[in-house]
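Protein chains: 2
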Amino acid sequence: MKKVVVIGTGKVASHLTKAIVTAGHEVVQVVGRSEQSINRMFAEMGMTLPYTTQKSEVTQQADLYICSVKDDAITQAIQGIDIPQQALLVHTSGSTDAAVLAPLATHYGVLYPMQTFSYGKEVDFSKVALYIEANNDNYLNKLTLFAQTLSPNVKQVDSAMRTKVHLAAVFACNFTNHLYALAADILQEANLPFSDLLPLVNETTQKVHTLSPRMAQTGPAIRHDQQIINKHLSQLNGKAKVLYQLLTESIQDDKL
Amino acid sequence: MKKVVVIGTGKVASHLTKAIVTAGHEVVQVVGRSEQSINRMFAEMGMTLPYTTQKSEVTQQADLYICSVKDDAITQAIQGIDIPQQALLVHTSGSTDAAVLAPLATHYGVLYPMQTFSYGKEVDFSKVALYIEANNDNYLNKLTLFAQTLSPNVKQVDSAMRTKVHLAAVFACNFTNHLYALAADILQEANLPFSDLLPLVNETTQKVHTLSPRMAQTGPAIRHDQQIINKHLSQLNGKAKVLYQLLTESIQDDKL
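Top to bottom, those sequences are chains A and B.
If you read the first sequence in our numbering, its first letter stands for residue 1, the second for the next number, and so on.
If you read the second sequence in our numbering, its first letter stands for residue 1, the second for the next number, and so on.
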């Protein structure tokens, strides 16, 4: 069991903190900018924990300090907190170099959960891939053991590799979700609900469990069905139209 | 039970024909361009059926003629086949107007299965949404009853509405799948398998079962995390880079 301090109160922080508590560790303190943000986090988690909004009051009695805030706020969120010499400080960012923590702690690293976290949607942490890194082999081993209590899927990667993983995740998750939003807009023009698309969305996902994405590609672009492509383009405008054109060209560029 | 002729031997034709046979109808003939294409279809289906490669040999003894070929080949595939006066002729295209069949049959319509079909991947037809249309109420009723033997999810829509449905499907399925392919390329640069992304891909899909896509949006674009966005752009080139930029802008344009 580890004594953990969590710095941050956002979506990743609340899901991760809940997973840490559930795994039997002691979250000795949550550090947030305001009572309001901390209350929101606790409401989301369905539990309360010791907390502070004052950096000077952050406990020295923890093994692991996890900073889970917006990537460009990491340094600022930690500055002013005295991280004990023997403790490990990690951030949870996919694309931020571990080295940004070097001025802030002796032992530092990364615990990046590759998953999409939203308020109001529980996540099964045992299915989350955790990409970890530390600046010292002994602490990397400790972090590995800790991460394995959260998920069986733990991988040690360096910062350059982790950035690739995060970039891939942006395409496969964030951008994919935005395409769902554009599809919902189009359906709405026909007064149809997005839920009509769910069987198709499910099957699209299921297919890439057994086929490579390129083997699974279907649709007018890969068939070079220019008549349909033109018809679709005539019904679109703005960024959705440019995206349709570009995604079609990108599919047609692909060589199997 | 209906007597059905299927014109076409591709992916949609083979999945649909199998579903029709499984539902207890009699597929009295498959019409294909070559023995080779017909053999491939039968191998894919794991069954053989009566067939012909000669339009002049197409039977007159069927109630329903289904043309399932590439959209811009529909007219050509049917021309030369004598569709009996009492029969119904349908195509299976999402974006082709039903009226293209007007010169070819007295009674005509559409049976569009909104799903992505690939070789080597079984599809549960009961989960497929079927969008149907006919040029005559009596035949629309017959087509509805037939379609309901294949799936409980049958909707009557006109050609304009169906094109919207198909356009939405292209975004939610074909383009989404291409983003998976781009993500696979990026992971490959780090010698990581695409399968590492599957828990994230699953969760992204699961989320839109309970949250609207816009509520489910996460990632650097929606957070306006420009530092990470710039870092990602610096690692991309070609169409993937332009797509990253455009998808990011499109996410940031969205108003909840």
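Watch out, some of these pointers could steer you wrong.
The list makes no distinction among identical chains, and a pair is therefore deemed to hold if it is satisfied within one copy or across any two copies.
What the hints assert, rightly or not - Derived DMTMM-like pairs: lysine to aspartate or glutamate, alpha-carbon spacing no greater than 25 Å straight-line:
#	residue 1	residue 2
1	239	137
2	239	35
3	231	71
4	127	57
5	18	196
6	231	82
7	142	63
8	121	97
9	142	196
10	241	254
None of these hints come from the bench; they were simulated from the model.
If you're wondering where the values come from, they're calculated on a predicted model, not measured in any experiment.
Quick rundown of the hints versus the structure:
1. 239 / 137: Result: close neither inside a copy nor across copies, 48 Å intra and 40 Å inter.
2. 239 / 35: The answer is neither: 40 Å in one copy and 45 Å across copies each exceed 25 Å.
3. 231 / 71: between (42 Å within a copy, 12 Å between copies)
4. 127 / 57: neither (35 Å within a copy, 56 Å between copies)
5. 18 / 196: between (33 Å within a copy, 23 Å between copies)
6. 231 / 82: neither (62 Å within a copy, 29 Å between copies)
7. 142 / 63: within (10 Å within a copy, 70 Å between copies)
8. 121 / 97: neither (29 Å within a copy, 41 Å between copies)
9. 142 / 196: between (47 Å within a copy, 23 Å between copies)
10. 241 / 254: both (20 Å within a copy, 15 Å between copies)
Taken one by one, the earlier hints fail for this structure at numbers 1, 2, 4, 6, 8, listed in ascending order.
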